[in-house]
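Which chain is which? The protein sequence lines are E and U, in order.
Read in order, the letters of the first sequence are residues 1 to 235 in UniProt numbering.
Read in order, the letters of the second sequence are residues 1 to 415 in UniProt numbering.
Honestly, the hints are just simulated from the structure, not real lab data.
The beta-carbon is built from N, C-alpha and C at its ideal position, and this holds for glycine as well.
Treat the hints with caution; some may be incorrect.
Chain E side only, calculated, beta carbon under 8 Å to chain U, not exhaustive [stated by the list, open to error]:
#1 Asn49
#2 Pro75
#3 Ala82
#4 Glu186
#5 Glu215
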Amino acid sequence: MIDLAIRDLVVAFKGLERPALSIPELAITPGERIAVTGPSGCGKTTFVNMVTGLSKPPRGAVSWDSIDLASLSEPGRDRWRAQTIGLVMQNFHLFPGLSAIDNVLLPQRLTALKLAHGHREEAARLLSRVGIERLDQPIETLSRGQMQRVAVARALARRPAVIVADEPTASLDADAGAAVADLLLELAEETGVTLIVASHERRLIDRMKRVIRLENGLVVRDGTSSTARPQFEDA
Amino acid sequence: MFRFIAADLKRNLAGAAIVALIIALATALGVAVTLQERALRLGSARAASAFDLVIGAPGSETQLVLSSVFLQAAPLPLVPGTVLSGLARDPRVAWAAPIGFGDFAGDSPIVGTTAELVAGMGGVSEGQVFSKLGEALVGALADHKIGDAITPLHGRLGEGGHAHAEARYTVVGRLKPTGTPWDHAVLVPIEAVWAIHEHHDEDEEEHEGAEHHEEEEHEHHLDFSRPIDPAALSAPEAPGLPAILVKPKTFADAYKLRMEYRTDRTLAVFPGEVLTRLYGTLGDARRVLTAVAAGAQGLVAASILLVVVVHILQRRRQIGALRAFGAPRGVVFSIVFLETFAVIGVGVLAGFGLGWLAARSISSILTEESGIAMPVVFTAEDWLAALALLAATVVIAAIPSALAYRQSPAEALRG
């Protein structure tokens with residue numbers, strides 16, 4: 001398991017007075033459960049892009065263990081992300097026309113010519129763990145809650161060190177959202193991965209041990225969920 | 001990766017099929033023009049290859065070739081009958097045969113000639129060569145059977161022709177296929193043609209002169225049961241002929257003969273040479289059509305490119321997601337490239353097939369009508385064209401692929 005150290009990170013976009021994100025220092029230890037929250041436009045998405053290496057940190061350092069993402073090339077970040085990060089996204093990004101298990105295996109298939117031994121069995125196990133019974137069910141016939149559970153299985157399929165979920169429950173109804181939140185927490189517990197959830201949903205945020213609140217690109221609060229709670233009003 | 005491409009194509013099957021179809025049609029247009037022009041050229045050249053040297057009266061060279069090789073009836077000026085006997089005696093000539101026309105059996109032209117021409121065109125496949133005036137041979141594709149009776153019409157039925165009611169031929173043999181309009185023709189002894197028209201002319205004179213005429217006289221003029229008399233051809237009073245086909249012994253003889261028979265009384269042509277001039281015109285037409293087809297292909301290429309680029313831009317989030325899950329940029333490029341290339345490639349290949357089918361069916365209709373066998377064949381030139389099209393496909397497919405390659409994975413998270 002790996003830890004994260006952010007130092008002097010500044011992300012500025014052209015035409016904006018203020019940086020979209022400015023974090024002088026932030027550390028995350030392995031196995032933490034962290035919610036990143038804040039009003040829309042606060043820098044949550046930029047934060048996710050930086051810690052997952054989806055974008056290159058323009059200034060400062062974003063280091064997972066000894067690897068500074070700012071020093072990696074784009075293909076290097078792709079490779080690193082494929083090995084290290086499991087992503088769960090608001091819009092699922094499952095690919096229609098493929099079955100549930102093929103969706104889980106797609107990232108592996110796109111990075112290697114042949115599936116490694118045991119990957120298929122692991123994918124099947126994960127799908128049954130998240131409650132998807134029919135492995136070959138076409139993805140477009142699933143409910144939205146089921147889709148997000150397939151996406152959770154996909155995020156875990158390559159045994160990442162970190163799960164990053166961007167608004168994982170925002171496009172689900174309350175029950176499905178709660179089920180996905182349960183799953184994320186249980187699986188994080190079982191596997192010991194670091195869990196970073198960007199969300200504005202209180203029910204989800206409250207269940208995280210640590211909450212980082214961003215406003216205007218700055219960390220305005222970083223603490224346990226109980227101490228952070230008074231800061232939140234449901235949007 | 002291939003599984004993903006297959007699933008993606010399957011999902012967008014209708015759109016991909018329409019794009020492939022449009023490409024196929026544009027490709028087919030160009031292919032058909034090329035193949036059809038070549039078929040016409042090869043077909044007519046092969047049809048003319050049996051005709052080494054044609055001699056007629058001065059006039060249009062093209063018309064002489066069209067009438068003799070392609071049996072397109074037209075009133076030709078006649079060469080004196082003595083020209084044929086002169087040629088027959090010439091030591092440089094292997095054989096010389098008259099070609100006399102004007103009558104029809106249904107839609108088949110009746111050609112008066114001699115056994116030498118029959119042998120020169122490959123001989124008969126069944127039956128035997130005519131030996132009596134009233135005997136006829138039919139071309140390989142003519143509707144008549146051996147034993148059929150043929151009543152010649154002067155001119156075509158549909159064109160106000162009238163029957164030579166008195167004359168009647170019996171089919172005694174069938175020619176081997178030649179792939180020329182002669183396959184639809186009926187061949188009869190030239191003497192019979194002369195006899196009919198001589199008789200016919202007299203008949204008309206009699207009608208004008210006297211009211212009454214004796215049946216027996218006709219019988220005397222039209223004795224179709226008498227054997228062919230080769231000497232009639234070289235008789236000094238032999239009638240004039242529209243065309244004479246000459247088989248020279250050597251190449252050099254052919255050129256000498258052509259020079260000698262280009263006089264104020266006769267015209268000698270190599271049909272191949274006349275056709276080459278016609279091909280010049282045909283080639284111009286092909287160039288125009290090819291340019292039109294190329295223009296259509298260019299427009300299709302441009303619009304397909306637009307469609308694909310718009311499609312890729314619409315899917316940039318999905319492409320970003322592939323990257324977000326760790327797919328290398330090269331893989332993303334390959335996916336878009338292979339998908340685009342597959343759709344366009346299928347279209348191009350189908351276009352070659354369609355173009356070939358179109359040229360085949362046009363050719364078979366033309367063959368049906370003209371008797372000229374038109375070979376629809378691909379040559380090395382076409383494979384080069386196919387390679388050029390595929391190269392263009394590579395370029396076109398590379399553009400949206402490059403867009404996808406540059407797609408930032410961060411897009412996946414927006415919205």
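Right, here's what the structure says about each hint:
1. Interface restraint check: E/Asn49 against chain U, minimum CB-CB distance 5 Å, threshold 8 Å, status holds.
2. Taken as an interface hint, E/Pro75 checks out: its beta carbon lies about 6 Å from the nearest beta carbon of chain U, inside 8 Å.
3. Taken as an interface hint, E/Ala82 checks out: its beta carbon lies about 2 Å from the nearest beta carbon of chain U, inside 8 Å.
4. Hint status for E/Glu186: violated, given a least beta-carbon distance of 22 Å to chain U, over 8 Å.
5. Contact between E/Glu215 and chain U, as hinted, is not supported at the beta carbon level, the nearest pair being about 19 Å apart and thus beyond 8 Å.
Hints 4, 5 from the earlier list are contradicted by this structure; the remaining hints agree with it.
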